[in-house]
Amino acid sequence: MPQILRSTPIHDVVIIGSGAGGGTMTQVLVQLGLKVTILEAGPMLNPAKDYKEHMWPYQVAHRGADPDGAFYFAGSGRYNYFSAPNGSWDIQGEPYTSAPGSNFRWFRSRITGGRTNHYGRIALRFSDYDFKPYSNDGLGTDWPIAYEDLAPYYDKAESFIGVCGSKEGIRSAPDGVFLQGPPPRVHEALIQRSCKKLGIPCIPSRMAILSKAHNGRAACHYCGECNRGCVSASNYSSSQVQIFPAMKTGRVNLINDAMARELITDDSGKVTAVSYIDKITRSEKQIRCRAVVVAASACESSRILLNSKSSRHPNGLSNGSGSVGKFLTDTVASTVTAQVPALEGMPVHNSDGMSIFHVYVPWWEWAKPNKDFPRGYHIEIGGGYRMPSVGAFNSVCRSSQGYGQALKDAIKKDYGTSVTLMGRGEMIPNADSYCEIDSNTVDQWGIPTLRFHFKHSEHELKMVEHMQRNFTAILEGMGGKVARDDRPTADKITAGGAVVHELGTVRMGNDPSTSALNQYCQSHEVKNLFVADAAPFVSNPDKNPTLTIVSLAWRTAEYLAEEMRKGNV
Amino acid sequence: MLVQIAAAAAAGSIGQAEAQHVHQEVAASKDAVKSATYTPKAFNAHEEKTLRALCERIVPGATQGGAFEYIDLLSSNNGRLAAIYHGGLAWLDHESTQRFQALFVDAKATEQTALLNLIAFRETAASNPGLETGIRFFDWARRMTVDAYYTSAAGIREIGFKGNGALAEFKVPQEAMEYALKRSGLG
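Chains A and B, in that order, give the protein sequences.
Once you know that position 441 of the first sequence is 440 in numbering that gives the first Met the number 0, the rest is easy, because the numbers rise by one and skip nothing.
Once you know that position 166 of the second sequence is 165 in numbering that gives the first Met the number 0, the rest is easy, because the numbers rise by one and skip nothing.
Calculated from the structure, these hints are not laboratory results.
For glycine and all other residues, C-beta sits at the position ideal for the given N, C-alpha and C.
Incorrect hints may appear among the rest.
[To be verified] Listed below are the simulated DSSO-like cross-link pairs for lysine-lysine, each with C-alpha atoms no more than 27 Å apart in a straight line:
{"no.": "1", "chain 1": "B", "residue 1": "K170", "chain 2": "A", "residue 2": "K411"}
{"no.": "2", "chain 1": "A", "residue 1": "K370", "chain 2": "A", "residue 2": "K195"}
{"no.": "3", "chain 1": "A", "residue 1": "K412", "chain 2": "B", "residue 2": "K161"}
{"no.": "4", "chain 1": "A", "residue 1": "K454", "chain 2": "A", "residue 2": "K411"}
{"no.": "5", "chain 1": "B", "residue 1": "K161", "chain 2": "A", "residue 2": "K480"}
{"no.": "6", "chain 1": "A", "residue 1": "K308", "chain 2": "A", "residue 2": "K284"}
{"no.": "7", "chain 1": "A", "residue 1": "K195", "chain 2": "B", "residue 2": "K161"}
{"no.": "8", "chain 1": "B", "residue 1": "K181", "chain 2": "A", "residue 2": "K211"}
{"no.": "9", "chain 1": "A", "residue 1": "K454", "chain 2": "A", "residue 2": "K196"}
{"no.": "10", "chain 1": "A", "residue 1": "K480", "chain 2": "B", "residue 2": "K181"}
{"no.": "11", "chain 1": "B", "residue 1": "K107", "chain 2": "A", "residue 2": "K412"}
{"no.": "12", "chain 1": "B", "residue 1": "K181", "chain 2": "A", "residue 2": "K411"}
{"no.": "13", "chain 1": "A", "residue 1": "K155", "chain 2": "A", "residue 2": "K34"}
{"no.": "14", "chain 1": "B", "residue 1": "K161", "chain 2": "A", "residue 2": "K196"}
{"no.": "15", "chain 1": "A", "residue 1": "K196", "chain 2": "B", "residue 2": "K107"}
{"no.": "16", "chain 1": "B", "residue 1": "K170", "chain 2": "A", "residue 2": "K51"}
{"no.": "17", "chain 1": "A", "residue 1": "K51", "chain 2": "B", "residue 2": "K161"}
{"no.": "18", "chain 1": "A", "residue 1": "K196", "chain 2": "A", "residue 2": "K166"}
{"no.": "19", "chain 1": "A", "residue 1": "K308", "chain 2": "A", "residue 2": "K411"}
{"no.": "20", "chain 1": "A", "residue 1": "K195", "chain 2": "B", "residue 2": "K170"}
{"no.": "21", "chain 1": "B", "residue 1": "K170", "chain 2": "A", "residue 2": "K166"}
{"no.": "22", "chain 1": "A", "residue 1": "K247", "chain 2": "A", "residue 2": "K284"}
{"no.": "23", "chain 1": "A", "residue 1": "K48", "chain 2": "B", "residue 2": "K161"}
{"no.": "24", "chain 1": "A", "residue 1": "K370", "chain 2": "A", "residue 2": "K491"}
{"no.": "25", "chain 1": "A", "residue 1": "K155", "chain 2": "A", "residue 2": "K131"}
[Stated by the list, open to error] Across the chosen pairs, the derived CB separations fall in these ranges:
{"no.": "26", "chain 1": "B", "residue 1": "Q97", "chain 2": "A", "residue 2": "T488", "range": "45 to 51 Å"}
{"no.": "27", "chain 1": "A", "residue 1": "A405", "chain 2": "B", "residue 2": "A125", "range": "18 to 24 Å"}
{"no.": "28", "chain 1": "B", "residue 1": "A89", "chain 2": "A", "residue 2": "S456", "range": "48 to 54 Å"}
{"no.": "29", "chain 1": "A", "residue 1": "G92", "chain 2": "B", "residue 2": "K107", "range": "51 to 57 Å"}
{"no.": "30", "chain 1": "A", "residue 1": "E561", "chain 2": "B", "residue 2": "E168", "range": "58 to 64 Å"}
{"no.": "31", "chain 1": "A", "residue 1": "K454", "chain 2": "B", "residue 2": "Y37", "range": "47 to 53 Å"}
{"no.": "32", "chain 1": "A", "residue 1": "S398", "chain 2": "B", "residue 2": "E168", "range": "35 to 41 Å"}
{"no.": "33", "chain 1": "B", "residue 1": "P59", "chain 2": "A", "residue 2": "R77", "range": "53 to 59 Å"}
{"no.": "34", "chain 1": "B", "residue 1": "E131", "chain 2": "A", "residue 2": "G381", "range": "30 to 36 Å"}
{"no.": "35", "chain 1": "B", "residue 1": "P128", "chain 2": "A", "residue 2": "D136", "range": "39 to 45 Å"}
{"no.": "36", "chain 1": "A", "residue 1": "K48", "chain 2": "B", "residue 2": "V104", "range": "31 to 37 Å"}
Use the sequences and the hints to build the structure in full.
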C-alpha cells in the first residue's frame, strides 16, 4: 500500500456525487450522526453568483445565444445559457462515444448539487404496479422491493423537501404529502376541459416547489424560471436544501473538483479507498473510508465500477453478474404543438407561475386490456406568455414571412397562443441498450471513457404513435391547429439521453447472478459499497426519477447507518 | 442584488416587496448600460450602414433594440455567421445595383421595398430564379433581428410580457380566463 494511503485518516463514508442521491445520503447520514466526505467532480456552487434567476435577456450582449452564436448551430447539443450552471451533453475534455447506429446523448452536471440545480422539479411517486413490471406483462424485471417498502420514504422525502399537489386517488399517480399548488393557467384550464370531454384525467401537478414557507425556506415568488436555479431555495435542490444545511453541522467534508477514478479494494474484497483526480492541481489523490456510496449519476456510477478492475475483480467491481452497464433506458419523449386561436387577443398577463406546468395528465389506460404497446406515459404541458428569448419567435417568422409592421403584427398576434404537449413514457429495458468501457479512449484525466449502445424497440414506437394521436385530439378539442407532421415515427422520439432521465446500469435484484445490488442498493459482492442514484433502478416508469432517487437513497442511508452501527459494514 | 436576495432568503425573511424591488433594480441598471458609441467588430463602415438599414426595415425599432450590435458580436466570433452576413450584404448591393444602379443604402425607399418584397417570401423563388441566395440570407437576417429586438427592453415591453417579477400569490385574471373559455367553446 502506498505511503499516500497510510498517512491519511479513515473517513466514515465517502459519497461520490452531490446530486439528488448524494445530497440525500449526506443529509440522512449526518442526521444519524455519521461523518461524510463528498467527492464532487465540479466546482462549489454559489447560488447568489451562479444563478441567472431574474436576469433579462438584454443583460448580456449575446442575449443567451452565446457570444459565438452557438444557439444557431448547436441544436440539442447546447444547454440553455440562462439555466443553472455547469451541465451539458458535451463537456470539454470529458468525451464519450456512441457505437455505430446508436445516438446517445450523455448529460453530465459537474457542480455541487448536480442536476438538481436546474431540473424541472417534477415530483411523481412510482405507482405500485411500476415495481412489478415483469409480473404484470412478462417484460423486463421486477424490482426487489414493492411500493409499500418505499412509501414511508416517499412520505419522508415529500415532507422534508416540500411538494405541491392534490389528493386524487388515481392508481397511476399515488397521492403523497402535499402542499397546496397554484391554480391552472388559462391554456391549462382549456386542456383540462378538453381532456374531460375525452375522458382523460388532468390534475394539479406534483412539484418540489414551496407554495408556503417550509423548513426555513421562503415560499415561491412565481417567476416561472425554476430551471435557472432559485436563490431563495423555494424549490428543491440537493445543494441548497440538503448539503448546505448539513455542512453547518461540521460533519460534512465537501471536496470539489474531485473526479473519481476507481474504488480500491483489499484482499478481503472490501473497498478501502477511493482514488480521484484533483482537477485543480491535476494530481492523484486517495481517500480512505469505512464505506463508499457511489452516487455519480447512473452511467458515471457504472463507469467507476467498471474501471475498478483488479485481479480479484477482473470485470470491474460488483460485477460478478456481468450486469453492470446493462439495461440502460431513457424516458420516451414525443411532442405535439398547436396554435390555439381561442388564446389570440386575450389580455396579456403574468402567467409565469411555478416552473413549467400547473396541471398534468397522469397515465390513464393502465387498466385497459389489449393495448398495442405495454406500459404508459404522462403528459406535460407548455404554453403561456413566456419571457421572450432567442428563437422564441422563429416559427412565426417562418410561417408569416415578410417584414416590417406586418411581421410585428404577426408576432404580437401569435405571442402566447402556442400550446405544447410533451409525452414522458416508459422505455422497456432491452439487450441492445447499454454502456461499456471504451478502453481505447481516455478523458483528460486519463480515465477510460464510456461507449453507448442505444436502441428503441417496437414498444416505444407504438407508444409514440399513441401519444401523437392523443395529443392531437386534446389540442384539437380546444380548437388548436396542429401542423401536419409527416416524419416517420422513429424521428418523433427524442434521442436517447436527451430527456436526461437515463437510468439503470447498476441494478438491484434478489439474485446476485443477474443483478449488482441487493434491495438496499448494497453491492451483493462488496458489503461496504452502496449505490445511490438512478443506476439501481430496475425499470424506468413514466414518472420523473428524482423523487424516487431521493426516497430510495433515504432508505439506503438508514440501512447503511444501521449496518455500520452493528459493525456489519 | 442577487446577493441581497439570497441573504434575505437564508434568513428566511424574504418578502415579496423586497423581491419586487430587486427586479426593478435589475431593470434600471440594465437600461443604463447602453453605450453612446459602438465600434463594430465584424463589419466595415459600409456593411454597418447597410445592415443597420436592413434590420430597421425588418423590424422598425430594431436598431434601437441593439440588432446590429447583436449580429456584429456573434459574427465576430463565428466564421459561419460572418460568411452569411458578409456574403449576404454583398449580394444585396449586387442585386440592388443590377436593378436600380445604386447600392442598397443609396436606392430609393420604394426600390428597397421592391427588392425586399422579392426576398422576404419563399414563394417568389420559384418565379425568380437567382433569388435563392437573397432569400436564404433574408431568413437569417429576419430571424436574428427578431431575436435581438424581442429580447431588448423595448421589444419585451412591446410584446406585453408582464412576468419575471415576484408575486405573493399566483392568480389568473378572470377576464382572461373568460375570454379564452368563451372563444374555445369549452366554457
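So, going through the hints one by one against the coordinates:
{"no.": "1", "hint": "K170(B) - K411(A)", "in the structure": "23 Å, holds"}
{"no.": "2", "hint": "K370(A) - K195(A)", "in the structure": "21 Å, holds"}
{"no.": "3", "hint": "K412(A) - K161(B)", "in the structure": "16 Å, holds"}
{"no.": "4", "hint": "K454(A) - K411(A)", "in the structure": "42 Å, violated"}
{"no.": "5", "hint": "K161(B) - K480(A)", "in the structure": "26 Å, holds"}
{"no.": "6", "hint": "K308(A) - K284(A)", "in the structure": "18 Å, holds"}
{"no.": "7", "hint": "K195(A) - K161(B)", "in the structure": "30 Å, violated"}
{"no.": "8", "hint": "K181(B) - K211(A)", "in the structure": "33 Å, violated"}
{"no.": "9", "hint": "K454(A) - K196(A)", "in the structure": "36 Å, violated"}
{"no.": "10", "hint": "K480(A) - K181(B)", "in the structure": "17 Å, holds"}
{"no.": "11", "hint": "K107(B) - K412(A)", "in the structure": "31 Å, violated"}
{"no.": "12", "hint": "K181(B) - K411(A)", "in the structure": "21 Å, holds"}
{"no.": "13", "hint": "K155(A) - K34(A)", "in the structure": "21 Å, holds"}
{"no.": "14", "hint": "K161(B) - K196(A)", "in the structure": "32 Å, violated"}
{"no.": "15", "hint": "K196(A) - K107(B)", "in the structure": "58 Å, violated"}
{"no.": "16", "hint": "K170(B) - K51(A)", "in the structure": "25 Å, holds"}
{"no.": "17", "hint": "K51(A) - K161(B)", "in the structure": "19 Å, holds"}
{"no.": "18", "hint": "K196(A) - K166(A)", "in the structure": "22 Å, holds"}
{"no.": "19", "hint": "K308(A) - K411(A)", "in the structure": "61 Å, violated"}
{"no.": "20", "hint": "K195(A) - K170(B)", "in the structure": "23 Å, holds"}
{"no.": "21", "hint": "K170(B) - K166(A)", "in the structure": "21 Å, holds"}
{"no.": "22", "hint": "K247(A) - K284(A)", "in the structure": "26 Å, holds"}
{"no.": "23", "hint": "K48(A) - K161(B)", "in the structure": "25 Å, holds"}
{"no.": "24", "hint": "K370(A) - K491(A)", "in the structure": "20 Å, holds"}
{"no.": "25", "hint": "K155(A) - K131(A)", "in the structure": "23 Å, holds"}
{"no.": "26", "hint": "Q97(B) - T488(A): 45 to 51 Å", "in the structure": "48 Å, holds"}
{"no.": "27", "hint": "A405(A) - A125(B): 18 to 24 Å", "in the structure": "21 Å, holds"}
{"no.": "28", "hint": "A89(B) - S456(A): 48 to 54 Å", "in the structure": "52 Å, holds"}
{"no.": "29", "hint": "G92(A) - K107(B): 51 to 57 Å", "in the structure": "56 Å, holds"}
{"no.": "30", "hint": "E561(A) - E168(B): 58 to 64 Å", "in the structure": "44 Å, violated"}
{"no.": "31", "hint": "K454(A) - Y37(B): 47 to 53 Å", "in the structure": "52 Å, holds"}
{"no.": "32", "hint": "S398(A) - E168(B): 35 to 41 Å", "in the structure": "37 Å, holds"}
{"no.": "33", "hint": "P59(B) - R77(A): 53 to 59 Å", "in the structure": "31 Å, violated"}
{"no.": "34", "hint": "E131(B) - G381(A): 30 to 36 Å", "in the structure": "34 Å, holds"}
{"no.": "35", "hint": "P128(B) - D136(A): 39 to 45 Å", "in the structure": "59 Å, violated"}
{"no.": "36", "hint": "K48(A) - V104(B): 31 to 37 Å", "in the structure": "45 Å, violated"}
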